[in-house]
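If you're matching them up, the sequences are chains V, P, Z and Y in order. Heads up: the first sequence begins at 1 in our numbering, then just goes up one per residue. Heads up: the second sequence begins at 271 in our numbering, then just goes up one per residue. Heads up: the third sequence begins at 541 in our numbering, then just goes up one per residue. Heads up: the fourth sequence begins at 853 in our numbering, then just goes up one per residue.
Any given hint could be a false lead.
Within a straight-line C-alpha distance of at most 35 Å, the following computed DSBU-like cross-link-like pairs (lysine-lysine) qualify [stated by the list, open to error]:
| # | chain 1 | residue 1 | chain 2 | residue 2 |
| --- | --- | --- | --- | --- |
| 1 | Z | Lys816 | P | Lys346 |
| 2 | Z | Lys553 | Z | Lys816 |
| 3 | V | Lys76 | Z | Lys553 |
| 4 | Y | Lys1007 | Y | Lys1128 |
| 5 | Y | Lys865 | Y | Lys1128 |
| 6 | P | Lys346 | P | Lys456 |
| 7 | Y | Lys1128 | V | Lys76 |
| 8 | P | Lys346 | Y | Lys1128 |
| 9 | V | Lys76 | V | Lys186 |
| 10 | Z | Lys553 | Z | Lys695 |
Hints are computed from structural coordinates only; laboratory data are not their basis.
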Amino acid sequence: MPVDVAAEVIVNRALSADYNLVALAAPAIAAAAAPGQFVMLKANAGFDPLLRRPFSIFEILRDGGGTPSALTILSKRVGPSTNLLYDARAGQRIACLGPIGRPFTIVDAPVEGWMIAGGVGLAPFATLAESLRARRVETTLFYGARRAAELFHLDFFRALGVALVLTTEDGSAGETGRVVAPLDRKLAARDRQAPVMLYACGPEAMLAATARIAARHQRPCQVSVERVMGCGLGGCYSCVVPMRGEDGGRHHVRSCIAGPVLAADQIIWD
Amino acid sequence: MPVDVAAEVIVNRALSADYNLVALAAPAIAAAAAPGQFVMLKANAGFDPLLRRPFSIFEILRDGGGTPSALTILSKRVGPSTNLLYDARAGQRIACLGPIGRPFTIVDAPVEGWMIAGGVGLAPFATLAESLRARRVETTLFYGARRAAELFHLDFFRALGVALVLTTEDGSAGETGRVVAPLDRKLAARDRQAPVMLYACGPEAMLAATARIAARHQRPCQVSVERVMGCGLGGCYSCVVPMRGEDGGRHHVRSCIAGPVLAADQIIWD
Amino acid sequence: MDLSVRIGSLLLKNPLIAASGCFGYGVEYADVVDLSSLGAIAVKGLFLSEREGHAAPRIVETPAGMLNAIGLQGIGVRRFVSEKLPELRARNATVVVNVCGTTLDEYVEVSRILSDAEGVGAIELNISCPNIKEGGIQFGCSLNGTYDVVSAVRKVTRLPVIPKLTPNVTDVPSFARAAEEGGADAVSLVNTFLAMVIDIETRQPKISNVVGGLSGPAIRPIAVRMVYECRQTVRIPIIGMGGIADARDALEFMIAGATAVQVGTANFVDPFIWTKLVDGIRDYLQRHRIARVSDLVGTIDTHASATERSGV
Amino acid sequence: MDLSVRIGSLLLKNPLIAASGCFGYGVEYADVVDLSSLGAIAVKGLFLSEREGHAAPRIVETPAGMLNAIGLQGIGVRRFVSEKLPELRARNATVVVNVCGTTLDEYVEVSRILSDAEGVGAIELNISCPNIKEGGIQFGCSLNGTYDVVSAVRKVTRLPVIPKLTPNVTDVPSFARAAEEGGADAVSLVNTFLAMVIDIETRQPKISNVVGGLSGPAIRPIAVRMVYECRQTVRIPIIGMGGIADARDALEFMIAGATAVQVGTANFVDPFIWTKLVDGIRDYLQRHRIARVSDLVGTIDTHASATERSGV
Ligand SMILES: Cc1cc2nc3c(=O)[nH]c(=O)nc-3n(C[C@H](O)[C@H](O)[C@H](O)COP(=O)(O)OP(=O)(O)OC[C@H]3O[C@@H](n4cnc5c(N)ncnc54)[C@H](O)[C@@H]3O)c2cc1C
Ligand SMILES: Cc1cc2nc3c(=O)[nH]c(=O)nc-3n(C[C@H](O)[C@H](O)[C@H](O)COP(=O)(O)OP(=O)(O)OC[C@H]3O[C@@H](n4cnc5c(N)ncnc54)[C@H](O)[C@@H]3O)c2cc1C
Ligand SMILES: Cc1cc2nc3c(=O)[nH]c(=O)nc-3n(C[C@H](O)[C@H](O)[C@H](O)COP(=O)(O)O)c2cc1C
Ligand SMILES: Cc1cc2nc3c(=O)[nH]c(=O)nc-3n(C[C@H](O)[C@H](O)[C@H](O)COP(=O)(O)O)c2cc1C
Ligand code: FES
Ligand code: FES
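Excised from the complex, chain V in its bound form (with noise of 0.2 Å):
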C-alpha cells in the first residue's frame, strides 16, 4: 500500500559529475520497502517535466533507535528529472510515492546469491545485500561500471562481507570489459550442484545477456528491468515487458505492479 509523501531532503551528495546520492526524509515508505523495490519521485512542482520517475530504493538510514528513518537514492543524470535530482537541495521538499513494486525474492544458505549491476543498476543492491547476509547467504556482487571513479559503496558492499567482481569499461579497475564475462567464468567453474540465486539490475542488453548465460547455465535468474513508467501503479499500461505466459503465448505484462522484478526465463528478449 503505496504512501505519497512530501520528502525532504536531509542531504544531497555529489559522487561524481553524473551521480549523487540524496537522502529522503520518508520514514513510512523506509519502513516498508523491501528490496528491489521503488519509489517514484517528482522533484518539481509544476509541469516541466510532468511526470514522476521511477527510483530503486537504495539505502535504508535509521535513527539511533534503529527505526527507519529516511531512504536514499542513488541517482544518475540522463534528462530534466535526474538533473533536478543532482540539483538538489537540503530543505527542499521531493514527492515520493511507495514503496511500489514485486520485490526479489530473498534465498537461503545454502543458495547463494550472486548479484551483478552495472552502472546505476547497483541501486537495488544495497539493501538486497543487507538482506541476505542478514540471513548469512554468501553473497557475490558483480558490479560493472564505465571506470574506476563510477564504481560506488564498495566499502559498504565489503564491509556486509559481500565477495566483488569489477569490471571496468576503461580498465581503470577490475577486469577491463563488461560485467557478464567474470559472471559466465565463474558460473562455469562452479559446482553445478552448488546452488546460487542471479540477481540482476542494470541496461537492458546487459539484462539480456545475463539471463542467456542463466539460461545457458540453468541458473535461476531474477531481473529488475526498466521501463519508462507513467504511474507506477498498474494504472497506465506503459511499463510493459513481453513475457511467456503459462499458454506459451507473448504477454505484455506491466513491470510496475508485476516488477521491476521478473523471472528473466519469462521473458522475451527481442
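Since chain V is already given, all that's left is putting chains P, Z and Y with the ligands on it; use the hints.
Chains P, Z and Y with the ligands alone, transformed into the frame defined by chain V:
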C-alpha cells in the same frame, strides 16, 4: 538597445508576505536604464512558466566608484513568476532583458514633480525621484497602499527630500482611502500658474482616476501602464492601449515600445 | 452543498471520473483510493477479446503533456466481467466501461455483454482512439459512423450510452450532434490529439507506434474550447476532459459546459488527487455561494468580452 | 557546412524563419538581431488596409504555451511597403510577407501590390488565422477555398506562394495537396490551435476575443505529426512550425519533413534565440557528419518501429 543578462541574484529580501525586493547583478542594464523603463525577467529555465514578465527597474545600485552594478526589482506576488521571484535565492540566475520602453520625461524646476503610486506602482518612482531631485525639482510622492506595512522605502524618499502624502485603505497609516483623493485636493488648492507634472503608476482604475483629475485640473500627466506583455519588444502586439491618434481615431498602441509611459490625455480610458 | 450530477439515468455523487486508460480497471487503485469516493471510474478500453497492444516504449513525456500509444491492451470484456467487475461492485464503485470495437458489430456485442452484467453504470463508446489502425477512430472521424455506432448500441442497452469524441476533427460539435441524434445520453470529450515525437539522435520516433495521443495540461485550452463549442450545440450532458490537473481546471471545464469531468494524466502524477479535487470544488462553491455544482455548468460569461470587442 | 535551403525560387541562407505575428515587421528587432542573419522574416499579417485588432487582453499564458487573439492588427500593405520595406531591404533581410484577406479579391490585391514592391522574397498566405471571423480561416478550412486562393494569387505573382495551413482540420495533408494543386511553391504549417481559457473567478474568458490561438511548446508534438503526414503527401517544400524552442526542436521538424522552420513564441522568451539555433544546428550536423542541412529533411526512420510493431 536592450541586452539579455543571466543576472545573478545578489540578495532577495522579503518585505512582507507578498512583497519582496530582489537585487540583480546586471551592470550593463543598470548603466543604461532611465526612470520608467523596465526589464523582462524569467526566473526559471523551462516552460513552467513559459514567458518572461515585465518589471519596472526599482533602484540602480552602484559600486564604490559610483558605477552602476546592479538593479533591484520591487515585486508583488500574484502568480507563478512573482512567486519564483519571491523565493529566489542569492546566487541563482535570472534572465533579465532590458532596459526596455519609453521612460518618463523629466521636468526641470520650477515645474514640480508629483508622483502618484498605488501599491507596487511605487516601482518606477525611486529612480524618477532621484532624477528629479538631482535637478532640484520639488517632488511629492502620493503613495497609497492597503495597509501601513505595505508602504515601503519611505525613508529613501524622505532622505531625497521628497514630500510624502500617504494613504492606506485600512487607515493604518496616513489618510484613509485612495491615493487620488489627496491628489485631487492638493491640485485644487494649488495656484493655476504654478506648473506641476503628474507621474502615475498603479492599478488601471487608479490611473484612470488620476487621468480624470489631471484633465479636470488641466495638468499634464504621464502614466506608466501595465499590460500583459508577451515579448516587451514590439513583436507580439499583446500589450496595446487604445489611444486617440492625431487623426482623432482610436488606435491600439504597443505599450512596450511606445510606453510604458504614455500621455494620460491620449489614452482612451473605457 | 450538492456535488452530485446526472448523466442520463446515472447519478454521480460528484462530477469527478477517472479517465479511461489512466486508471487500469480501477482495482489497481483500490489500495490508494476509496473507489466509491469517485463520481465514477471509466475503466480501460475493452474489446471483445484480449489484446496485447503495442510494443514499448509506449509513452514519452512532452512539454506539459505526454504521448501514449498503448494500443488498447486489455483483457477483453468477458474476463473483465468475471475477474474485475465483482471487486468493483464490492467496493461500491460507479463503473463506466470504455467500449472499443473494430467493427460496428463488436461495439454492439461488447455493449450487450456489459448490459447483461451487474454493476456497470454506463457505456462510454471509444470511437476516438488515435492509436489503433482498424476501427475506433474510423467511426469517430465520420458523422455517419458516429451516428451508426451510437444508434446501434442504443438499441441493445438501457445503460447510458456516452460516445467519446476525438478532437482530431475540424468540427467537434457536429459529431456531438450526430451522437445526440443517434440517441446518446451524453458525450465525452476529448480523447487524445494525434501527435509524434522524434529522437533526433536516432531519427526514430520515440514511441514504437510512430504516432500516439497527446494528453495532459498542454491540450487543456483546446479541450475547453471544444467543450464550450459543443455546449452551444447539443442539449445532452458533456463529460469534459483534457489536462485537468487541479480543482480549478475541473471548474473551468464545468463553467465551459461540462456536467462532469474526467482526469487522466494528472492521476499519474498524483494518484491521491481525488480528495484534493473534491475539496477544491467544495471550497470554490462555498466561496462563491453556489449550492449545487450542477448550477455552475455552462455559466461562462462571454458578455463582457463581446462588449469590449464591439468597442474596438 | 551548408545551411542553405530552397523554398521555390527563394534561397534561404539557413532554414530559420521568424514566424509571422511574432516578430512585428522585423524592424522592431533590428536593435537586437542582425536581420540578415535569419533565413527569412515572416512579417505580421497584412490586409489591404489598416486594422486595429481586438481589445486587450490579447494573450494569456497556458501550460507550456500561450493563447493569442491579436485580431491581426496591422498597418495595411501599402504603408508596409512604403514605411517598413525600405528599412528591411537596407538591412538585407529576406522578407516573407504574411498576406491576409477577407475576400479572395483582397488576397489577390495585396499579393499584387507586394509583387510590384522591391524586396519581398515570398508571399505567405494566411488562410488559417483562428482569430478573425471574416475571411482567412474560411478559406483555410475548405479544400476548394484553399485551392481557389492559392491559384488566384498564383496568377498575379512570380513570388513564391506559400499558403499557411491551419491545424484545426481533420486532415491537414488534403489541404496541403489542394495547395499544391493550386500552384503553391510550399506550404507553411501550423498556424495556431483554436483554444480558450476561462477565469473561474469571474467566469469570463481570459482574452477579450473569447477564443484564441494556442502556440508554443505545448503544440509541438501535434505540429510535428502534421508535418510528417504532409511530407508523405505532397512534393513541395514544407515550412514547419509550432513550439520550436531550441535547435533540437528545429531539427525534429526537419527530420519529420520540414525544409525550413519558423519560430514564433520562443522568440518572445528569448529574442537572442537565432544565433543559438544556428549554432545548435551546426553542431548537430558536425556531430552527425551531415554536409548539408537539406540532407536531413524528411529522413525520419520509422522502420525500427514498424518491425517492433509487427512483432507484437
Ligand atoms: C523500477 C525502476 C527503477 C529505477 N531506478 C533508478 C535508480 O535507482 N537510479 C537512477 O538513476 N535511475 C533509475 N531508473 C531510471 C530512471 O527512472 C530514469 O533515468 C529517469 O526516469 C530519467 O528521467 P529524466 O527526466 O532525468 O530523463 P528523461 O528525459 O525522462 O529520460 C532520459 C532517457 O532515459 C530514458 N528513460 C526515461 N524513463 C526511464 C525509465 N523509467 N526507465 C528506463 N529509461 C528511462 C528515456 O527514454 C530517455 O532516453 C529506474 C527506472 C525504473 C523503471
Ligand atoms: C511595464 C510593467 C512594469 C511592471 N512592473 C512591475 C513591478 O515593478 N513589480 C511588480 O510586482 N509587478 C510589475 N508589473 C506587473 C507584473 O508584470 C505582473 O505582476 C507579472 O507579470 C505577474 O506574473 P505572474 O506569473 O506572477 O502571474 P500571472 O499568473 O502571469 O498573472 C497574475 C495576474 O496578473 C495579471 N498580469 C499578468 N501580467 C501582467 C502584466 N504585465 N500587467 C498587468 N497585469 C498582469 C494577469 O492577468 C493575472 O490576472 C509590471 C507590468 C508592466 C507591464
Ligand atoms: C496512457 C493513456 C491511455 C489511454 N487509454 C484510453 C482508453 O483506453 N480509452 C479511451 O477512451 N481513452 C484513453 N485515453 C485517453 C484519456 O481517457 C483522456 O481522454 C485523455 O488522456 C485526456 O485526458 P487527460 O489530459 O486528463 O489525460 C488514454 C490516455 C492515456 C494517457
Ligand atoms: C502573438 C501571435 C501573433 C500571431 N500572428 C500571426 C499572423 O499575423 N499571421 C500568421 O500567419 N500567424 C500568426 N501567428 C502564428 C505564428 O506565426 C505561428 O504559426 C504559431 O505561433 C506557431 O508557432 P510557435 O509555436 O513557434 O509560436 C501568431 C502567433 C502569435 C503567438
Ligand atoms: S507505469 Fe503505469 S502501468 Fe506501469
Ligand atoms: S509586449 Fe509584445 S508587442 Fe508589446
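These are the hints, each one checked on the structure:
For the hint pairing lysine 816 of chain Z with lysine 346 of chain P, the CA-to-CA distance comes to about 27 Å; that is within 35 Å, so the pair holds. Proposed proximity of lysine 553 of chain Z and lysine 816 of chain Z is supported: the alpha carbons are some 16 Å apart, at most 35 Å. With a CA separation close to 45 Å, the supplied pair lysine 76 of chain V and lysine 553 of chain Z exceeds the 35 Å bound. Of the pairs offered as hints, the one joining lysine 1007 of chain Y and lysine 1128 of chain Y is violated, with about 39 Å between alpha carbons and a cut-off of 35 Å exceeded.
Our distance criterion of 35 Å between C-alpha atoms is met by lysine 865 of chain Y and lysine 1128 of chain Y, whose separation comes to about 16 Å. Restraint check: the Cα-Cα separation between lysine 346 of chain P and lysine 456 of chain P comes to about 29 Å, which is no more than 35 Å; the hinted pair holds. In summary, the hint linking lysine 1128 of chain Y to lysine 76 of chain V is supported, as the alpha carbons are separated by about 27 Å, within the 35 Å threshold. Under the criterion of a C-alpha separation no larger than 35 Å, the hint pairing lysine 346 of chain P with lysine 1128 of chain Y is consistent with the structure, at around 33 Å.
Under the criterion of a C-alpha separation no larger than 35 Å, the hint pairing lysine 76 of chain V with lysine 186 of chain V is consistent with the structure, at around 29 Å. The hinted pair formed by lysine 553 of chain Z and lysine 695 of chain Z meets the criterion: a straight-line CA distance of about 27 Å does not exceed 35 Å.
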